[in-house]
Amino acid sequence: MIEIKNIYKSFGDKEVLKDISFSCFQGKVNIIIGQSGSGKTVLTKCMVGLHKPDSGQILYEGKDFVSMELEDKKEIRKNLGMLFQASALFDSMTVEENIMFPLTMFTDMDRKAMLRRTNECLERVNLEGTNKLYPAETSGGMQKRIAIARAISVKPGYLFCDEPNSGLDPQTAIVIDNLISELTKEMNITTVVITHDMNSVMEIGDHIMLIYEGEKWWEGNKEAILRSDNQELNDFVYASNFMKTLREKF
Amino acid sequence: MKILFHAGRYFMLINRVFSRPEKWKIYWRSIIDEIDKIGVSSLGIVALMSVFMGAVIALQTATNIDTPLIPDYTVGFTARQSFILEFAPTMLVLILVGKVGSNIASEIGTMKVTEQIDALEIMGVNSASYLILPKIIGGVFIFPFLIAISMVLGIFGGWFVCIATGVVSSADYIYGIQYDFRPFHVVYAFIKTIVFAFAMITVSSYHGYYSKGSALEVGKSSTDAVVYSSILILILNYILTQLLLI
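Those protein sequences? They're chains R and L, same order as listed. Each residue of the first sequence is one higher than the one before, starting from 20 at the first, in our numbering. Each residue of the second sequence is one higher than the one before, starting from 252 at the first, in our numbering.
There could be a bad hint or two in this list.
As the list claims (entries may be wrong) - To list a few chain L residues with every Cβ distance to chain R over 10 angstroms, as calculated:
1) 252
2) 279
3) 299
4) 310
5) 332
6) 361
7) 365
8) 366
9) 367
10) 375
11) 417
12) 435
13) 445
What the hints assert, rightly or not - Which residues of chain L face chain R? A partial, calculated answer using Cβ under 7 angstroms:
14) 273
15) 369
16) 370
17) 373
18) 374
19) 376
For the record, the hints were derived by calculation from the structure and aren't laboratory data. In this text, all values refer to a predicted model and were calculated from it rather than measured experimentally. Note that the Cβ used here is the ideal one computed from N, Cα and C, for glycine as well.
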């Protein structure tokens with residue numbers, strides 16, 4: 020479980036996060052939604068330690084990640100998997116080497132065992148036989164799945180996904196969403212997804228928070244989204260004409 | 252103030268680069284790769300430039316000596332001194348800044364803007380050390396070999412052109428390259444090479460590591476890496492010469 024308590028973050032004069040508190044539960048897909056520029060990615064970067072919050076706490080199983088010593092942070096980070104918006108696969112490495120990388124770095128597995136684990140991960144994301152390809156030789160959807168395989172290779176306790184289906188066609192987006200949801204349940208991990216895709220939210224979201232201009236405006240589950248009378252949430256959810264029509268019909 | 256900011260950030264990066272690596276085994280493999288990328292792949296251009304520059308230096312010296320008071324062996328002497336003291340350790344490194352330095356900056360810069368460095372950090376890997384340390388060790392190790400090859404080939408280029416054109420006899424040229432030889436000049440050249448290699452690799456890595464934004468920024472980082480590495484090498488060249496030769 021990850022608890023975020025009263026997080027503030029500014030860049031120069033611009034206050035990007037204002038008093039954000041939120042809990043991310045184990046075995047659930049926790050989703051952070053909001054418009055572009057609302058502070059979702061900055062919040063996630065604070066959660067994984069790429070940005071240092073100005074104040075507040077980020078507790079991993081009760082231990083404050085913000086005030087931790089670097090060595091302790093490293094230990095937590097070894098238990099994190101992250102899927103980046105642009106996949107962030109290492110271009111100079113093959114698919115196999117990408118997935119093996121965290122295993123080589125942080126485990127004492129021999130090459131045979133690492134290869135076995137790599138193949139297991141590739142099988143799990145339905146990409147058997149792609150071991151020797153380079154990221155540039157794969158499609159956007161495949162790259163996301165390879166990045167997921169890399170993220171789960173060390174069996175992490177926490178999985179962060181930054182806009183996991185941006186730039187993907189609707190069918191591939193659903194495949195990625197379902198994969199994230201299934202892995203969360205199977206591995207009983209704490210998953211945090213940042214998105215502005217309402218399909219993803221309604222498809223896999225267990226616990227949802229809306230950020231609006233750096234502040235938390237709403238928190239709840241997907242069933243509550245449809246019943247909510249929160250103006251900012253409704254403006255966000257029903258921004259498209261299609262959603263508006265759906266709401267009017269039902 | 253900006254220069255202080257960059258100097259401070261540069262030294263902080265260097266501090267991170269030299270912190271304890273996660274796994275030496277992986278670094279060892281990367282060092283071998285970097286020796287190949289930085290050094291072995293530059294052999295062709297080093298050889299070509301050295302032979303032709305040696306030939307040109309010998310020809311220019313020979314054509315400028317039109318008084319019988321200056322002996323013919325001066326051609327060999329000048330070619331040797333030019334190559335050992337300046338061309339191989341300084342000019343060649345400056346030329347390699349354009350190839351190796353820009354390559355380092357664009358490689359690390361691309362990794363930065365495509366979030367590959369963030370991915371390393373999130374995994375708990377010290378990205379500065381993982382990416383830059385093998386380049387420093389590889390470069391500092393291989394550059395003296397490149398420079399030694401350059402010295403030999405440059406002096407050979409001069410000898411070859413003297414024989415081919417007959418401007419100076421082979422015996423005079425060989426006497427010239429042996430005349431008043433001071434082994435410390437070679438040591439001085441290697442000291443300069445090691446310092447310049449370190450400066451070039453770290454400055455280029457710094458510019459790549461702190462790239463932000465888009466591919467356009469990576470291009471800018473690459474240009475900055477070449478410009479600032481070159482300036483630093485020129486300043487260091489003066490300081491080292493003053494310290495070691497005067």
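So, going through the hints one by one against the coordinates:
{"no.": "1", "hint": "252", "in the structure": "holds, 16 angstroms"}
{"no.": "2", "hint": "279", "in the structure": "holds, 12 angstroms"}
{"no.": "3", "hint": "299", "in the structure": "holds, 27 angstroms"}
{"no.": "4", "hint": "310", "in the structure": "holds, 43 angstroms"}
{"no.": "5", "hint": "332", "in the structure": "holds, 42 angstroms"}
{"no.": "6", "hint": "361", "in the structure": "violated, 8 angstroms"}
{"no.": "7", "hint": "365", "in the structure": "violated, 6 angstroms"}
{"no.": "8", "hint": "366", "in the structure": "violated, 4 angstroms"}
{"no.": "9", "hint": "367", "in the structure": "violated, 5 angstroms"}
{"no.": "10", "hint": "375", "in the structure": "violated, 4 angstroms"}
{"no.": "11", "hint": "417", "in the structure": "holds, 51 angstroms"}
{"no.": "12", "hint": "435", "in the structure": "holds, 41 angstroms"}
{"no.": "13", "hint": "445", "in the structure": "holds, 27 angstroms"}
{"no.": "14", "hint": "273", "in the structure": "holds, 6 angstroms"}
{"no.": "15", "hint": "369", "in the structure": "holds, 6 angstroms"}
{"no.": "16", "hint": "370", "in the structure": "holds, 4 angstroms"}
{"no.": "17", "hint": "373", "in the structure": "holds, 5 angstroms"}
{"no.": "18", "hint": "374", "in the structure": "holds, 5 angstroms"}
{"no.": "19", "hint": "376", "in the structure": "holds, 6 angstroms"}
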